[in-house]
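K.L.:
Chain by chain, the residues:
There are 2 protein chains.
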Amino acid sequence: MSVRIGILGYGNLGRGVEMAVNAAEDLELVGVFSRRDPSKVKIASEGVKVYSADALANMQKDIDVLVICGGSATDLPKMTPAYAKDYNVVDSFDTHARIPEHFKNVDEAAKAAGKTAVISVGWDPGMFSVNRLYSHAILPNGKAYTFWGRGVSQGHSDAIRRIEGVKDARQYTVPVESALEAVRSGSNPELTTRQKHTRECYVVAEEGADLARIEKEIKTMPNYFDEYDTTVNFISEEELLKNHAGLPHGGSVIVSGSTNEGKTKHVIEYKLKLDSNPEFTGSVLAAYARAVAKLNKEGNIGCKTAFDIAPAYLCPEEGDFLRAHFL
Amino acid sequence: MSVRIGILGYGNLGRGVEMAVNAAEDLELVGVFSRRDPSKVKIASEGVKVYSADALANMQKDIDVLVICGGSATDLPKMTPAYAKDYNVVDSFDTHARIPEHFKNVDEAAKAAGKTAVISVGWDPGMFSVNRLYSHAILPNGKAYTFWGRGVSQGHSDAIRRIEGVKDARQYTVPVESALEAVRSGSNPELTTRQKHTRECYVVAEEGADLARIEKEIKTMPNYFDEYDTTVNFISEEELLKNHAGLPHGGSVIVSGSTNEGKTKHVIEYKLKLDSNPEFTGSVLAAYARAVAKLNKEGNIGCKTAFDIAPAYLCPEEGDFLRAHFL
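Taken in order, these protein sequences are the chains called A and B.
The first sequence begins at 1321 in my numbering and counts up by one.
The second sequence begins at 1321 in my numbering and counts up by one.
If we strip away everything but chain A, and leave its shape as in the complex, we get (with noise of 0.2 Å):
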């Protein structure tokens, strides 16, 4: 039988869950559910129905996970617990720094409820973490080192298009090269942030828009920019939506550690190269929300991340077929 599934949210992420449903034969994608008014929300689905958010005060016999895709500032710390309440829940929380309160507000929540979640997946929180942590429990000493990119950053874009005289921005997080092969060759450096990534920003400007002060802006701009080398180029619209209309993200998490008294030398890299963020991200969503309907069958209920989840609970085959195929 399928696991049902209900997508809260459509923006680049819940398109992406939605194309990671549809092509897999044990999900169903039951409905797509929206803030804005649902007649004017068009989703690529045949036959799937949108539905105000409002609908998911009495669907709790339709939908066995719910993929909430809602932005980690304001929308996650108050949905995901609130619908851990009636539903079983996976979201993609990402701000790192409170992701303890926000573990313990969906715990207590899917406890008292008797539902299963899972936050803080996709790649970074999610595979790179995972990754993070398998190395740590090989090579203990290990130094882990994470650089992302070449990618857009979409925090970035978005502070640039705040920029009196902005009309539209694209900003490239790239890992620094050298800093990369210095971290592989396992001689374990110490870098700044300036040594790891620089920013290059693709900036469409408003007619007459005084040039300079906009790239000033830019590269002064706190905890954004002024703390890395930033390249600011200014480009047309055309440019713009014909060069930079995509959202390629990936990276690489290091991790170089020893053994014998630190005598011998490791190095595990972990890399992804992304042709779009949003559909790989989407994509790592619906493969926790199979293993969360698992883990409710089973009883085991409350707050998860993927440290908690074992590799199988992803895929939709049985053990059998995965040793035999994968091991």
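Don't read these hints as lab results, they were simulated from the structure.
Quick caveat: nothing in here was measured; it's all calculated off a predicted structure.
Accuracy of the hints is not assured; some may be wrong.
As the list makes no split between identical chains, a pair holds if one copy fits it or if it spans any two.
Computed cross-link-like contacts, DSSO-like style, restricted to lysine-lysine with a CA-CA straight-line distance of at most 30 Å [to be verified]:
(1) K1405 to K1583
(2) K1463 to K1487
(3) K1463 to K1591
(4) K1536 to K1487
(5) K1405 to K1381
(6) K1614 to K1585
(7) K1585 to K1516
(8) K1585 to K1431
(9) K1562 to K1585
(10) K1591 to K1516
(11) K1539 to K1405
(12) K1424 to K1617
(13) K1431 to K1614
(14) K1536 to K1431
(15) K1562 to K1583
(16) K1614 to K1536
(17) K1539 to K1585
(18) K1369 to K1562
(19) K1539 to K1369
(20) K1360 to K1424
(21) K1362 to K1585
(22) K1424 to K1614
(23) K1585 to K1536
Given the structure of chain A, go ahead and fit chain B onto it with the hints provided.
P.N.:
Relative to the frame of chain A, chain B by itself:
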């Protein structure tokens, strides 16, 4: 309280497990067990006793997990099911084709005795398998490529040593760089055995041996070399000991798949660069020994593989700590 570990078999792998157990604060080495005369086995750990393997008949109360470091061809198929009747066990059984049968035998023995077993851990099978599985769950249409090396294949080195006139030998398995690059590009190439790896042999010949014949025998050896481009280098014993004493290994699992009905590509790579194959493998076994002890305490008995064990079980720290540091 520490997890009390016994190591059965004290070759390169047993020594690797010993290093990992001694480096972990929550693991305690109770004893090394050998089928050789214990008085002739000198171990690295001070204050730890070497026992005859026969002593395991009566040490059930002293050992929480027995790590079995035997060969996959003849040792482990017998030893792991036999010892699973008395102990929680871990092994690194790596004959892929015989895993279903081995799993069944170990599962029956462990379940009947209320013990927990994990088989086939290490890096391949083991960490490579886990990465093949996660990637399959996320990108079900993905194509997985496994490359090994550059590293010493002990099986191939042994095969060369059995040729008449060969005193010693070391064989390196080397992935073909252009094949790696083609796979990393996401182009999903079809690759023959010959196109994926080459084999590099360093051979010390007996004085007066017929080098041309040895080279021909190596290059035409069925299964081991005939399907590969093989190079044979004759070197002195001194050079072998000086430059080829280590057992480095590694490789990559690369999965290339797509979303959005094939229109969007993604590439996932997990890569290892290990200065010592047995020390890294031993570290993986030690981490899974910790997991086995926890699972058995929870009443989760029977045979497991890396697919069935959540990553957090491999770590000594609690969930709060892991979420704060690795998520």
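K.L.:
At most 30 Å between C-alpha atoms: does K1405 with K1583 qualify within a copy, between copies, both, or neither?
P.N.:
neither (52 Å within a copy, 37 Å between copies)
K.L.:
Is it within, between, both or neither when you check K1539 against K1585 at 30 Å Cα-Cα?
P.N.:
neither (39 Å within a copy, 32 Å between copies)
K.L.:
Can you give me the call for K1591 and K1516, within, between, both or neither, at a CA distance of at most 30 Å?
P.N.:
both (16 Å within a copy, 20 Å between copies)
K.L.:
Taking 30 Å as the upper bound on the Cα-Cα distance, should K1614 and K1585 be classified as within, between, both, or neither?
P.N.:
between (39 Å within a copy, 29 Å between copies)
K.L.:
Using 30 Å as the alpha-carbon threshold, which applies to K1405 and K1381: within, between, both, or neither?
P.N.:
within (13 Å within a copy, 45 Å between copies)
K.L.:
For the identical chains here, do K1585 and K1431 meet the 30 Å Cα criterion within one copy, between copies, both, or neither?
P.N.:
Neither way: K1585 and K1431 sit 43 Å apart in one copy and 38 Å across, limit 30 Å.
K.L.:
At most 30 Å between C-alpha atoms: does K1536 with K1487 qualify within a copy, between copies, both, or neither?
P.N.:
Answer is within; shortest intra-copy Cα gap is 16 Å, inter-copy 70 Å.
K.L.:
Checking an output row: K1536 and K1431, CA cutoff 30 Å. Within, between, both or neither?
P.N.:
neither (50 Å within a copy, 68 Å between copies)
K.L.:
How would you classify K1362 and K1585 at a CA-CA limit of 30 Å: within, between, both, or neither?
P.N.:
For K1362 and K1585, the Cα distance is within 30 Å only across copies (25 Å; inside one copy 53 Å).
K.L.:
State whether the alpha carbon distance between K1369 and K1562 is at most 30 Å within one copy, between copies, both, or neither.
P.N.:
neither (33 Å within a copy, 70 Å between copies)
K.L.:
Within a copy, between copies, both or neither: where do K1585 and K1516 come within 30 Å Cα-Cα?
P.N.:
For K1585 and K1516, the Cα distance is within 30 Å both inside one copy (22 Å) and across copies (26 Å).
K.L.:
When Cα atoms must be at most 30 Å apart, do K1463 and K1591 count as within-copy, between-copy, both, or neither?
P.N.:
Both, since 16 Å and 16 Å are each at most 30 Å.
Comparing the model with each numbered hint stated earlier shows that hints 1, 2, 8, 11, 14, 16, 17, 18, 19, 20 and 23 do not hold.
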